[in-house]
Amino acid sequence: MKRLQVLPVMLLLGCTTLLAQSGGELRFCLRSEPKTFNPLLVEDDASETVRYLTGGVLVRVNRVTLKPQPQLASEWKVSDGGKRIRFKLREGLKYSDGTPFSTADVAYTIAQLMDPALHSSTGDAFRSGEGKAETRIVSANVVEISFPAPVANLVDLFDTVAIMSAKSPQKEMATLGPFYVAERKAGSYLLLKRNPYYWKKDSAGRQLPYLDSIRLDIEQNPEIEAMRYKRGEVHLINTVSPAIFEKLSGDSASVRDAGASTDTEQLWFNQVPNAPIPAYKREWFSSTNFRRAISEAINRADLARIVFHGHAIPSVGIVSPSNTAWFNSNLKPHPYDTASALRRLQQDGFHLQGDTLRDRAGNAVEFSIVTNAGNRARESMATMIQQDLKKIGIKVNVVTLDFNSLLERMTQTFNYEACLLGFQKVDLDPNGQMAVWLSSADNHQWNPSQKTPATPWEAEIDKLMKAQAASGDQHKRKQYWDRVQQIEWEQEPFIYLVNKDALVAIAPTVKNTEPSVFSPQTFWNVETLALAQSH
Amino acid sequence: MKIVRSTAIVVLVLAAFAILFANHLAPAGYEKQFREIPQAAASAHHLLGTDDLGRDRWARLLFGMRVSLTLAPLAAFFTTVLAGLVGGIAGYCGGWVERFCKLLIDFFLSVPWLFLLITVRAVLPLNISPQASVAVTFTSLGLLGWAASARIICSGAKELMKSEFVWMARAAGFSGFKLIRLHLLPNLRGALFAQFWISIPVFIIAEANLGALGLGVSEPLPSLGSLLRELQDAVMLRPEPWRLLPLAVLIVVISSFQVLLNKQEVRA
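Residue numbers (our numbering), protein chains in the order written: chain A, 24 to 558; chain B, 10 to 277.
Next up, chain A with everything else stripped away, as it sits in the complex:
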């Protein structure tokens, strides 16, 4: 009799679990319209989201363990010190339109990816040296790709290469990932539907993904997005601002702080030799003592506590401590120490005259910090830095500019003195930083596109960056990259301020979530996400 009483309860529990794992439409917002559906041409966040949800990749990096996991390829082997990789593909897979998947599709995708005429930034990461990448079909399910020079972190790079079909009439819209784009209303929404041919199954043998569809609403305003989340109209917010996080926390909504992210906020001084700024200011900005003094006069702990409501940590340098694989753990955040800052400045001939700091020639120390208008956190940081530097007699003018004007000053006219901006670091590998740290690089912001390194320490960084890129030995690469971090810490061309926490909002109805500090924070395991249903 007891068994009979327990049975309905068990059935009910079973049904609840089943319901929680089947069907439903997950909804969240994109900040803008995706600029492309071609997975090889992705550059913006919205397109990246669509690529992640729809694209089938040979290897996927687990966002929690940071280890590569087999996807379309069941096995792989790297050889020739990172110049060659051989993939064994799963058999019998199909694209979302039913087109069979084969080694020819991998060859086609790699040919497209490495075609210089395509200008694929995804492909740029694989361009390690002069020459062409070649794909050889070894057998029906084995394919080998060779590069002209070793490619660092080769396996992980395939996480961003969605394999396109060589034969499908739907071209890039035929996908091997868990979803495909079924409907699109420009400026309004995208509807992704479950890929009926998706290959992956859960441990119970049920085909993934659990969700029927995903609706991506285009919503630029994070405040409105938060309101919609509160009303239950959207299930996830991938990046929540600290202010909204606090407000949502107060309402006991399920917001989570996943810990320090890899994103950085930094200040740098213009050191471009022909920049239209006074020569005496260029001399200040080129001085290591000056930069270190500014760094020590900034109270990073206050920035983290006040601007980010405690959801940030003072930065150490280039690499966030959350990037455990590459962080140089010997480095510590620069201390807040105005006395030490003044000592450093005195070494360079600066002196206080009343409340004003003056250089050797008697020029009052005054400079402007430009940042992008509309970014409240950066405006607040700049205002706090203005107050901090006033304590050592430096006058700072905070200037907010629309982003295009700011970019023009940063990259074309170089008509600025100091700039405060942030970088989103998606690629955790030091290779992803080549475009910033090589002195010849366009994104070497404080003094870009140098013909020869302007300083000995930049020359050393150049050597180290090239050495780590060419090495197939992870241990050596870590040593090189540690030294780059050390040099940056000592020279501070970028004065790193804080690492923001990855703040996410996940509705209680979304099951199987495992938020990560790495993008895409909330839905990196989208195929196993499920919605609890109330009926």
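Please keep in mind that the hints were generated in silico from the structure rather than gathered at the bench. Each hint should be verified, as a subset may be incorrect.
Quick list of in silico lysine to aspartate or glutamate cross-link-like pairs, EDC-like style, CA-CA up to 20 Å [to be verified]:
| no. | chain 1 | residue 1 | chain 2 | residue 2 |
| --- | --- | --- | --- | --- |
| 1 | A | Lys100 | A | Glu71 |
| 2 | A | Lys223 | A | Glu98 |
| 3 | B | Lys41 | A | Glu513 |
| 4 | A | Lys253 | A | Asp225 |
| 5 | A | Lys414 | B | Glu173 |
| 6 | A | Lys208 | A | Asp378 |
| 7 | A | Lys194 | A | Glu71 |
| 8 | A | Lys418 | A | Asp378 |
| 9 | A | Lys413 | B | Glu173 |
| 10 | A | Lys499 | A | Asp179 |
| 11 | A | Lys155 | A | Glu98 |
| 12 | A | Lys208 | A | Glu256 |
| 13 | A | Lys501 | A | Glu513 |
| 14 | A | Lys106 | A | Glu71 |
| 15 | A | Lys418 | B | Glu45 |
| 16 | A | Lys413 | B | Glu40 |
| 17 | A | Lys414 | B | Glu40 |
| 18 | A | Lys117 | A | Glu98 |
Examples of chain A residues lying across from chain B (beta carbon under 10 Å, computed) [said to hold, decoys possible]:
| no. | residue |
| --- | --- |
| 19 | Arg86 |
| 20 | Asn322 |
| 21 | Ile329 |
| 22 | Ile392 |
| 23 | Ser403 |
| 24 | Thr406 |
| 25 | Lys413 |
| 26 | Ile415 |
| 27 | Thr423 |
| 28 | Thr434 |
| 29 | Asn438 |
| 30 | Glu440 |
Have a look at the derived ranges for each label pair, beta carbon to beta carbon [claimed, not checked]:
| no. | chain 1 | residue 1 | chain 2 | residue 2 | range |
| --- | --- | --- | --- | --- | --- |
| 31 | A | Glu431 | B | Thr16 | 46 to 54 Å |
| 32 | B | Ala144 | A | Thr478 | 50 to 58 Å |
| 33 | A | Tyr212 | B | Gly199 | 53 to 61 Å |
| 34 | B | Phe43 | A | Lys90 | 46 to 54 Å |
| 35 | A | Tyr212 | B | Asp115 | 40 to 48 Å |
| 36 | B | Pro36 | A | Ala482 | 48 to 56 Å |
| 37 | A | Ala209 | B | Val145 | 37 to 45 Å |
| 38 | B | Ser15 | A | Ala209 | 50 to 58 Å |
Backbone N, C-alpha and C fix where the C-beta goes; we use that ideal spot for every residue, glycine too.
Place chain B on chain A using the hints.
Same frame as chain A, but now just chain B:
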């Protein structure tokens, strides 16, 4: 209606008192950051609490009023003088001068002012003080805001030039500056006053809009516009009614201007 007008006058006198004696009424100053108590609630020490960076909201409101309520009338005066000059000359001279002036007016009316202001902000030297920056913002508003008023003044001046008393004055030998001074200006005074009073709230709101975009007054100087930016997250506001005070001040002051404007129009 008299009581409404009296209230409006009292409001404007109080506002003038507040902006004149801001230093004494808010000794904490508008830029000091009390970093241990950011976003504090209203208290005896901080009558309206503190903002995100721990700055006294009361002080920022008073100094913000000083910036907006001083510079907006100045810009309005500037724009009225320009409108009077261009509109008056067009109406007085007629012919190709009028056509040229109207072309100029049409050009200024078709300028996308927000884009232009953003451009002006972008090309300003970076090391100008916040005070100079806000002065430039209001001067730009004044330079751009005269065209609509000029069209009205032109139309008024043209009508006056056709009137009997102007014909009679001309017949009596009045011309040029004397005719303008004795007959045109006194009769256009009502319209000019109306344009002046209308422009003040328009410029306060325009600066507020620029402030909402982060392109208004530079930090740490406050303005009513920059204070209103705090309300951008109004949809998520906790119950903190004191945060709405800058908005209330803006509405009450502008309404008071409007009430007095109505009175001026009646007189005109």
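So, going through the hints one by one against the coordinates:
no.: 1; hint: A:Lys100 x A:Glu71; verdict: violated, 27 Å
no.: 2; hint: A:Lys223 x A:Glu98; verdict: holds, 16 Å
no.: 3; hint: B:Lys41 x A:Glu513; verdict: violated, 32 Å
no.: 4; hint: A:Lys253 x A:Asp225; verdict: violated, 31 Å
no.: 5; hint: A:Lys414 x B:Glu173; verdict: violated, 71 Å
no.: 6; hint: A:Lys208 x A:Asp378; verdict: violated, 59 Å
no.: 7; hint: A:Lys194 x A:Glu71; verdict: holds, 18 Å
no.: 8; hint: A:Lys418 x A:Asp378; verdict: holds, 10 Å
no.: 9; hint: A:Lys413 x B:Glu173; verdict: violated, 67 Å
no.: 10; hint: A:Lys499 x A:Asp179; verdict: holds, 18 Å
no.: 11; hint: A:Lys155 x A:Glu98; verdict: violated, 24 Å
no.: 12; hint: A:Lys208 x A:Glu256; verdict: holds, 18 Å
no.: 13; hint: A:Lys501 x A:Glu513; verdict: holds, 18 Å
no.: 14; hint: A:Lys106 x A:Glu71; verdict: violated, 27 Å
no.: 15; hint: A:Lys418 x B:Glu45; verdict: violated, 23 Å
no.: 16; hint: A:Lys413 x B:Glu40; verdict: holds, 11 Å
no.: 17; hint: A:Lys414 x B:Glu40; verdict: holds, 13 Å
no.: 18; hint: A:Lys117 x A:Glu98; verdict: holds, 19 Å
no.: 19; hint: Arg86; verdict: violated, 28 Å
no.: 20; hint: Asn322; verdict: holds, 8 Å
no.: 21; hint: Ile329; verdict: holds, 5 Å
no.: 22; hint: Ile392; verdict: holds, 9 Å
no.: 23; hint: Ser403; verdict: holds, 6 Å
no.: 24; hint: Thr406; verdict: holds, 4 Å
no.: 25; hint: Lys413; verdict: holds, 9 Å
no.: 26; hint: Ile415; verdict: violated, 16 Å
no.: 27; hint: Thr423; verdict: holds, 5 Å
no.: 28; hint: Thr434; verdict: violated, 15 Å
no.: 29; hint: Asn438; verdict: holds, 8 Å
no.: 30; hint: Glu440; verdict: holds, 6 Å
no.: 31; hint: A:Glu431 x B:Thr16: 46 to 54 Å; verdict: holds, 50 Å
no.: 32; hint: B:Ala144 x A:Thr478: 50 to 58 Å; verdict: violated, 41 Å
no.: 33; hint: A:Tyr212 x B:Gly199: 53 to 61 Å; verdict: holds, 54 Å
no.: 34; hint: B:Phe43 x A:Lys90: 46 to 54 Å; verdict: holds, 47 Å
no.: 35; hint: A:Tyr212 x B:Asp115: 40 to 48 Å; verdict: holds, 41 Å
no.: 36; hint: B:Pro36 x A:Ala482: 48 to 56 Å; verdict: holds, 55 Å
no.: 37; hint: A:Ala209 x B:Val145: 37 to 45 Å; verdict: holds, 39 Å
no.: 38; hint: B:Ser15 x A:Ala209: 50 to 58 Å; verdict: holds, 56 Å
Hints 1, 3, 4, 5, 6, 9, 11, 14, 15, 19, 26, 28, 32 from the list above are not met by this structure, while the remaining hints are.
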